[in-house]
Amino acid sequence: DVKVTQSSRYLVKRTGEKVFLECVQDMDHENMFWYRQDPGLGLRLIYFSYDVKMKEKGDIPEGYSVSREKKERFSLILESASTNQTSMYLCASNVPGGQETQYFGPGTRLLVL
Amino acid sequence: QQQVKQSPQSLIVQKGGISIINCAYENTAFDYFPWYQQFPGKGPALLIAIRPDVSEKKEGRFTISFNKSAKQFSLHIMDSQPGDSATYFCAASLRPNQFYFGTGTSLTVIP
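The listed protein sequences correspond, in order, to chains A and B.
Under this note's numbering, think of the first position of the first sequence as 1155, with each following residue one higher.
Under this note's numbering, think of the first position of the second sequence as 30, with each following residue one higher.
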């Protein structure tokens, strides 16, 4: 069974803290994605990676960075968390070609105080 | 701006009824249209998907209807069940690795 796991289900951080969200997939997928999900806005792409050390900006990359040192792991970094980054963060992966099924993790609900 | 517009925002249906969720898009370059189902506390999971060369796709109680000329597609859930209560997202793919999601529809099926 395919699996995408995210390191935390819930996180509470203070404004200005550096935040790391980790995602691991066990399907040997080349493509990995980070989205944020907000009520009334749906899912918006932050970054995606199509290979180790490769990344491309999505629609809302400001305030975020990513790291992909290993194929199975994709990290989202908030360099200096702000209250407007309070959200649900979803990681996903899929096979090369990119139009096939995206497999999502359970999400990390981040609260920035 | 929202690339894919989804309606309604919420929907309440009686058990056994038909649930209909609509999506519209503008960019004719989109060529893959998946629907995702999300239960509370879970990530979205692919429910059914269609490509624009067909007008309808059915899988069990779930059907996608696609109208290329109107740039609209919809999800129909026949014989809706309480277990179908979830949030549904439509999406459209512009090119590999680029997915645009609708804003979601919260479906509640009343027993």
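Just so you know, these hints were derived from the structure itself, not from any lab.
One should not assume that every hint holds.
As the list claims (entries may be wrong) - Calculated from the model, a selection of chain A residues having no Cβ within reach of chain B, i.e. all distances over 12 Å:
1) Val1166
2) Lys1172
3) Leu1199
4) Ser1203
5) Tyr1218
6) Lys1225
7) Asn1238
8) Gln1239
9) Val1266
What the hints assert, rightly or not - List time: in silico DMTMM-like cross-link candidates among lysine to aspartate or glutamate, alpha-carbon distance up to 25 Å:
10) A/Lys1211 <-> B/Asp113
11) B/Lys100 <-> B/Asp60
12) B/Lys86 <-> B/Asp108
13) B/Lys34 <-> B/Asp60
14) B/Lys34 <-> A/Glu1216
15) A/Lys1211 <-> B/Asp108
16) A/Lys1157 <-> B/Glu55
17) B/Lys34 <-> A/Glu1223
18) A/Lys1211 <-> A/Asp1192
19) A/Lys1157 <-> B/Asp108
20) B/Lys71 <-> A/Glu1226
What the hints assert, rightly or not - Which stretches of chain B does chain A cover? Using the computed rule of at least three CB atoms under 8 Å from a CB of chain A, they are:
21) 85-92
22) 131-140
Remember, it's a predicted structure, so these values are computed and weren't measured experimentally.
Note that CB positions come from ideal geometry on N, CA and C, so glycine has one too.
**Message:** Need the list of violated hint numbers for this structure, in ascending order.
**Reply:** 3, 4, 10, 15, 16, 17, 19 and 21
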